[in-house]
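**Q** Read off the chains here:
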Amino acid sequence: MRIIGKCIIFCLGFLLIGTLIEKYIFSVAKKSTIGQSGKVAMIMNHTVDADMAIFGSSVALVHFNSNILEKTTKYSVYNLGMDGNALQQYAGLLEEFNTYSNAKVVVIAGTNSEFGNRNLLYEPQYYAPYISNSKIYKYFSFIDLRTSLLLRYLPFYSFTLFDSNYYKEIFSQDNLKGEILKGYFPKNQAWEEKETNFIIKDKIDSESIKKYTDIIEKINLKGRKVVLVLAPIYIKGQKQLVNLDQVREVYKDLAGANNIFLDFTKSNLCYKKELFYNNTHLNATGADLFSQEFSKKLVELGLFN
Amino acid sequence: MLFNSFEFLVFFPTVIILYFLLPYRFRWALLLLASYTFYMFWRVDYAIILVISTLIDYLCSRMMDTYPLEQSSRRKPWLWLSMLSNLGILFTFKYYNFFNTAARDLAQVLDVPYAAPAFELLLPMGISFYTFQTMSYSIDVYYGHIKAERHLGIFALFVTFFPQLVAGPIERAGNLLDQLKQKHDFNYQRVTDGLKLMAWGLFKKVVIADRLAVMVNEVYNNPTEYEGIPLIIATVFFAFQIYCDFSGYSDIAIGSAQVMGFKLMENFRRPYFSKSIREFWGRWHISLSTWFRDYLYIPLGGNRVLKWRWYYNIFIVFLVSGFWHGANWTFIVWGALHGFYQIFGFITADNRNAVIKNSDLTRFPALYKAVQVGTTFALVCFAWIFFRANSITDAWYIITHMFSGLTESAKAILLNINFARHKILYLGQEKEVFFLALVFIAILIIIELAKRGQSLRFKLAKSPTYFRWALTYALILIILLFGFYQSNEFIYFQF
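Residue numbers (the working numbering), protein chains in the order written: chain A, 498 to 802; chain B, 36 to 530.
Mixed in with the good hints there might be a few duds.
Have a look at the derived ranges for each label pair, beta carbon to beta carbon [to be verified]:
{"hint": "1", "chain 1": "B", "residue 1": "Phe55", "chain 2": "A", "residue 2": "Asn614", "range": "54 to 62 Å"}
{"hint": "2", "chain 1": "B", "residue 1": "Gln521", "chain 2": "A", "residue 2": "Leu646", "range": "15 to 23 Å"}
{"hint": "3", "chain 1": "B", "residue 1": "Phe61", "chain 2": "A", "residue 2": "Gly510", "range": "32 to 40 Å"}
One side only, chain B facing chain A, incomplete, derived with CB under 7 Å [claimed, not checked]:
{"hint": "4", "residue": "Asp220"}
{"hint": "5", "residue": "Val226"}
{"hint": "6", "residue": "Leu515"}
{"hint": "7", "residue": "Leu516"}
{"hint": "8", "residue": "Phe517"}
{"hint": "9", "residue": "Tyr520"}
No lab work stands behind these hints, which were simulated from the structure alone. Predicted model, so just to flag it, every value in this text is computed and none were measured. Just so it is clear, CB atoms sit at the ideal spot from N, CA and C, and this is done for glycine as well.
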């Protein structure tokens with residue numbers, strides 16, 4: 498009995514210390530205003546809003562210069578792009594944003610691989626403080642049920658996901674100042690990768706299309722327009738993609754008559770290698786040019802009249 | 036199943052609880068079932084190899100035992116059958132493609148037609164460990180060192196005992212078989228000691244080894260992008276990575292067996308504090324070194340032969356040891372290099388002793404010891420280059436470039452030209468990853484030093500409960516908060 502008592506006290510002690518540490522880390526993360534953790538926290542705390550909110554993966558994050566867009570459209574803009582996240586993962590965030598936001602337009606940017614089936618969560622640590630939120634958990638569990646269950650129910654599992662970047666971001670002093678670039682993350686990077694010429698056939702998964710359809714409907718129900726953007730792809734890279742036309746068709750169908758699809762794979766930017774740092778990502782110079790081109794198109798469409 | 040996985044976190048406590056709840060006579064069945072489950076988490080179909088190996092060795096050993104020791108001619112065919120089947124399995128899965136490629140290359144040079152097909156076979160996890168364990172059993176039965184085990188279930192458990200199935204320690208039947216038949220009652224002290232050892236092993240694996248792996252892989256997978264300092268740092272880091280990875284696995288294996296009451300053999304005894312290469316091999320992967328000593332070196336004649344033959348025996352043992360690690364020229368060179376170190380050490384012993392005597396170094400024992408330990412560590416690190424490099428060409432590049440441009444890279448690091456610190460000091464990682472690696476290596480060294488003489492466990496046992504609990508909490512939290520969890524397998528699983 499003494500031994501069992503000792504074991505129970507030891508475990509309770511560890512549970513207490515672990516819980517205190519976890520609570521502390523989560524409380525810091527929930528106050529974050531910069532980087533990925535900041536975007537998640539601000540959406541979940543309902544403290545970020547703009548007339549135009551931009552969602553998407555890295556092609557949203559590194560392409561849409563919020564300040565340029567604001568200047569041209571005269572409306573407030575916030576880039577909520579999440580690196581490595583397809584809609585299947587950040588859909589919970591978008592749903593949450595949709596519940597409180599006053600945005601007029603929601604931009605969802607993607608690239609050729611947007612409709613592929615995902616079975617791995619990308620950097621789920623940023624969502625860890627909010628895993629018990631039903632919207633976040635629902636989309637997480639579609640992608641990777643095991644990790645989602647562990648993250649939600651196994652004490653301290655989140656600790657195993659945190660890395661130095663995460664700690665650095667949430668404990669950064671910059672959280673006090675907030676994001677000057679309003680979520681935009683320019684990459685001043687030259688093209689370093691070797692060019693390849695192998696053929697890429699991206700899968701188009703009906704489940705992910707359905708998730709797109711559902712989320713677009715929910716946004717439209719709030720009276721907001723959705724602008725679907727197929728981001729620029731370097732012209733030589735486009736030649737490697739055998740089903741880019743199919744991806745375009747899916748985007749067109751998703752936009753339908755009520756929403757807008759803007760295809761930038763036919764833009765002149767795609768012919769200038771110096772504007773890219775790999776096939777699907779523009780560098781800072783390219784992003785500025787892209788942002789100007791994108792905002793001009795929006796103005797032409799009369800979205801902000 | 037990996038020791039550093041969630042599955043093991045569920046599997047191990049379940050097995051332990053059932054183990055102590057079950058009556059003694061059923062425990063072997065539980066452990067056998069658990070061991071096969073443990074293995075089949077990796078691949079179900081490859082468990083058949085374990086079954087085949089177990090049945091053949093069981094049959095051979097029982098048949099050997101039907102004849103008295105004097106009738107060796109009747110016992111021998113069964114020993115051969117056991118050896119050939121074990122080595123046959125090992126050859127088919129591990130070495131066939133290596134020899135096939137070598138033969139094809141040779142045929143090409145000689146312009147001779149060659150048509151043997153190549154097979155894409157996945158190497159069964161831990162194959163070198165369990166085949167060596169069963170081979171030692173058959174040899175021991177043949178020489179009459181042990182009696183053949185009659186209970187097929189216990190023997191099958193000896194072959195597959197999950198704590199040491201996939202990466203050792205390679206146990207001897209004389210040590211483990213008897214323990215598998217003994218009754219082990221629950222003992223609080225033993226169980227908690229075992230759990231602490233497991234936690235320490237996990238710390239070495241996920242906090243140190245996997246952290247270092249990120250940096251080492253960056254350099255060793257693209258060596259031609261580096262020269263000078265990063266090649267040196269990556270090599271030293273690899274020395275700690277492989278030590279923490281493998282000794283971490285051994286600690287978890289020994290600790291988990293200890294929880295159930297089994298005492299597995301020690302596999303590492305602070306090897307990087309060795310004062311010579313000979314001493315290093317008495318402290319590194321002890322279960323394999325002693326295996327080679329008992330079943331290869333001594334049968335070859337050991338040191339009771341002419342000098343040249345003795346050197347030959349040493350060289351052969353290290354060459355085979357290198358080949359045991361993998362079917363690749365890099366491992367063979369690594370083994371040969373250690374063989375050369377040993378032989379060179381013996382040949383030059385008198386001259387070196389004379390030089391040391393004349394230099395008065397022995398008057399400063401601490402300094403003398405530091406020089407010996409440092410030299411041994413440097414030689415071991417040099418050999419690790421071949422062990423870790425992806426090819427002989429890469430290893431050669433690293434050796435020929437690791438001391439070039441040292442001044443320039445040092446200057447670049449100091450002035451941080453073009454983010455030099457990030458690229459050549461932190462090996463492409465965040466500086467926190469690099470500095471934390473240094474901190475944890477320092478902790479490892481301090482604890483290894485504290486283990487000298489008296490066991491650290493005994494020292495800690497004298498401290499108050501709150502202090503011991505605080506240390507345990509800190510260890511678990513460090514594992515959770517600073518561990519790298521990207522399903523990294525243990526390096527020795529591939530052998």
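**Q** Hint check: is the beta carbon of Tyr520 of chain B less than 7 Å from a beta carbon of chain A?
**A** holds, 4 Å
**Q** Taking 7 Å as the limit, does the beta-carbon of Leu516 of chain B come near enough to a beta-carbon in chain A?
**A** holds, 5 Å
**Q** Checking hints one by one. Is Val226 of chain B an interface residue toward chain A, by the C-beta closer than 7 Å rule?
**A** violated, 9 Å
**Q** So, as I understand it, the hint says Leu515 of chain B touches chain A; can you test that by seeing if any CB pair is closer than 7 Å?
**A** It holds, given that the least Cβ distance between Leu515 of chain B and chain A is near 4 Å, below 7 Å.
**Q** For the pair Gln521 of chain B and Leu646 of chain A, does the Cβ-Cβ distance stay inside 15 to 23 Å?
**A** Holds, at about 19 Å.
**Q** Using the nearest Cβ pair, does Phe517 of chain B come within less than 7 Å of chain A?
**A** Not OK, violated: Phe517 of chain B not within 7 Å of chain A, min 9 Å.
**Q** So the hint says 32 to 40 Å: do the beta-carbon atoms of Phe61 of chain B and Gly510 of chain A match that?
**A** holds, 35 Å
**Q** Between Phe55 of chain B and Asn614 of chain A, is the Cβ distance one that fits in 54 to 62 Å?
**A** violated, 45 Å
**Q** Double-check Asp220 of chain B for me: the hint is only fine if its C-beta lies closer than 7 Å to a C-beta in chain A.
**A** For Asp220 of chain B, the interface hint is violated, since the closest Cβ of chain A sits about 13 Å away, which is over 7 Å.
Violated hints for the displayed structure, listed by number in ascending order: 1, 4, 5, 8.
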